[in-house]
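Trainee: Chain by chain, the residues:
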Amino acid sequence: MTIFLRAGGQLRAMLKPDIDHYTRKVEIDGEKTIGEILKDISLDPAYVALIYVDGVMKDLSFRPSDGQTITLQPPVSGG
Amino acid sequence: MSLSTSEIERYQRQLTVDGWNQERLKSARALVVGVGGLGGVSATYLAAAGVGYLRICDSDRVELSNLNRQILFTTEDIGKPKAALVAQRLSAQNPEIKIEPLSDKLTETNASELASGCDLIIDGLDNHADRLKLNKASFDLNIPFLYGAINEWLGQLSFFHPPETACLACLLPEELQDPKPTPVFGPLPGAIGSLQATLALRYLMTGEHPVSNTLLVFRADTTVFETVRFERRPGCGVCGKTVPSGH
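As they're listed, the protein sequences go chains A and B.
Quick note: the first sequence uses my numbering, first residue 3, plus one each step.
Quick note: the second sequence uses my numbering, first residue -15, plus one each step.
Please note that a few of the clues may not be correct.
Unchecked claim - Calculated pairs, DSS-like style, for lysine-lysine (alpha carbon to alpha carbon, straight line, at most 30 Å):
| id | chain 1 | residue 1 | chain 2 | residue 2 |
| --- | --- | --- | --- | --- |
| 1 | A | Lys60 | B | Lys120 |
| 2 | B | Lys64 | B | Lys82 |
| 3 | B | Lys10 | B | Lys117 |
| 4 | B | Lys117 | B | Lys82 |
| 5 | B | Lys64 | A | Lys18 |
| 6 | A | Lys18 | A | Lys60 |
| 7 | A | Lys41 | A | Lys27 |
| 8 | B | Lys117 | B | Lys64 |
| 9 | A | Lys41 | B | Lys164 |
| 10 | A | Lys60 | B | Lys64 |
| 11 | B | Lys117 | A | Lys60 |
| 12 | B | Lys164 | B | Lys64 |
| 13 | A | Lys60 | A | Lys34 |
| 14 | B | Lys164 | A | Lys60 |
| 15 | B | Lys89 | B | Lys117 |
| 16 | B | Lys120 | B | Lys82 |
| 17 | A | Lys41 | A | Lys60 |
| 18 | B | Lys164 | B | Lys117 |
Said to hold, decoys possible - Computed far set for chain B versus chain A, every beta-carbon distance over 10 Å:
| id | residue |
| --- | --- |
| 19 | Ser(-14) |
| 20 | Leu48 |
| 21 | Gly101 |
| 22 | Val201 |
To be clear, the hints were calculated from the coordinates, so they are not data collected in a lab.
Built from N, CA and C at the ideal position, the CB exists for glycine as well.
Next comes chain A alone, as it looks inside the complex:
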């Protein structure tokens, strides 16, 4: 199964995008949670403030399906 992780801010460099400037393609075996997928790619979830898919907020327990794009939002706290 293939999913796409997308990130901006300082998360972008941690994600190591390979599709475009923001997106990384990830191949996974079977169903996995976002938390498990982040662990597989060595991305510390402490740096992920929000997760959303198709305009709906999710959490680390969400299990993406084939072809989905998951947006990882870094902390956004400036003013």
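Starting from the known structure of chain A, fit chain B onto it as the hints suggest.
Mentor: Below, chain B alone, put in the same frame as chain A:
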């Protein structure tokens, strides 16, 4: 609350905007906490539009590194207190309104006192820990909280007024691991601050709040807006507790 002849002339170009209610704005009271990049812009538009009472709170002084985005300030202002400067400039822009500048540092104990008596709390803060203090005061006092935040090319905002909506702690309950200083694309706080002013004026005139339970995300590097739906979080440490009286 009626309008004077000079107010009618001052607000002439907005009085005929569909749905406009200048009298309601004149009687409205808003708190803006943080008047740097975000709050400096939202406060400017609220003052210009004629919100009758603005309480602006910021304990910081102007620094040279503020000036790429905090456009109310000049190089000559470096070292001066932001709240007093903003009050002075907005009073000059619109002497018809009352502006109360406060240089208090926001704390858990004074947050409710700062917000007391206001119809809306507008977030111009630069850190999440202080936002959570303001969110708690918002819930305790039953005053809506208009959240905004920026980082590099990313900006986001939402409107919180539990129990009708989720609160900030439903969405982001913990302190964030945000690098300091936060990198900021200069025009971004202007864009998000303007959107906060738009939502604030709309809410103060009509009571409507279209971004409740929705995070509006603006990606300035690709000029893309996204909306993300979320719900109240059962067990939220703020709005999941017993609802205070007045709700």
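Trainee: Could you run down the list of hints and mark each one as holding or not?
Mentor: Hints versus structure:
| no. | hint | in the structure |
| --- | --- | --- |
| 1 | A:Lys60 <-> B:Lys120 | holds (24 Å) |
| 2 | B:Lys64 <-> B:Lys82 | holds (21 Å) |
| 3 | B:Lys10 <-> B:Lys117 | holds (28 Å) |
| 4 | B:Lys117 <-> B:Lys82 | holds (26 Å) |
| 5 | B:Lys64 <-> A:Lys18 | violated (42 Å) |
| 6 | A:Lys18 <-> A:Lys60 | holds (22 Å) |
| 7 | A:Lys41 <-> A:Lys27 | holds (15 Å) |
| 8 | B:Lys117 <-> B:Lys64 | holds (26 Å) |
| 9 | A:Lys41 <-> B:Lys164 | holds (25 Å) |
| 10 | A:Lys60 <-> B:Lys64 | violated (43 Å) |
| 11 | B:Lys117 <-> A:Lys60 | holds (25 Å) |
| 12 | B:Lys164 <-> B:Lys64 | holds (22 Å) |
| 13 | A:Lys60 <-> A:Lys34 | holds (14 Å) |
| 14 | B:Lys164 <-> A:Lys60 | holds (27 Å) |
| 15 | B:Lys89 <-> B:Lys117 | holds (12 Å) |
| 16 | B:Lys120 <-> B:Lys82 | holds (26 Å) |
| 17 | A:Lys41 <-> A:Lys60 | holds (17 Å) |
| 18 | B:Lys164 <-> B:Lys117 | holds (20 Å) |
| 19 | Ser(-14) | holds (36 Å) |
| 20 | Leu48 | holds (17 Å) |
| 21 | Gly101 | holds (23 Å) |
| 22 | Val201 | violated (7 Å) |
The structure is inconsistent with the numbered hints 5, 10, 22, although it conforms to all the rest.
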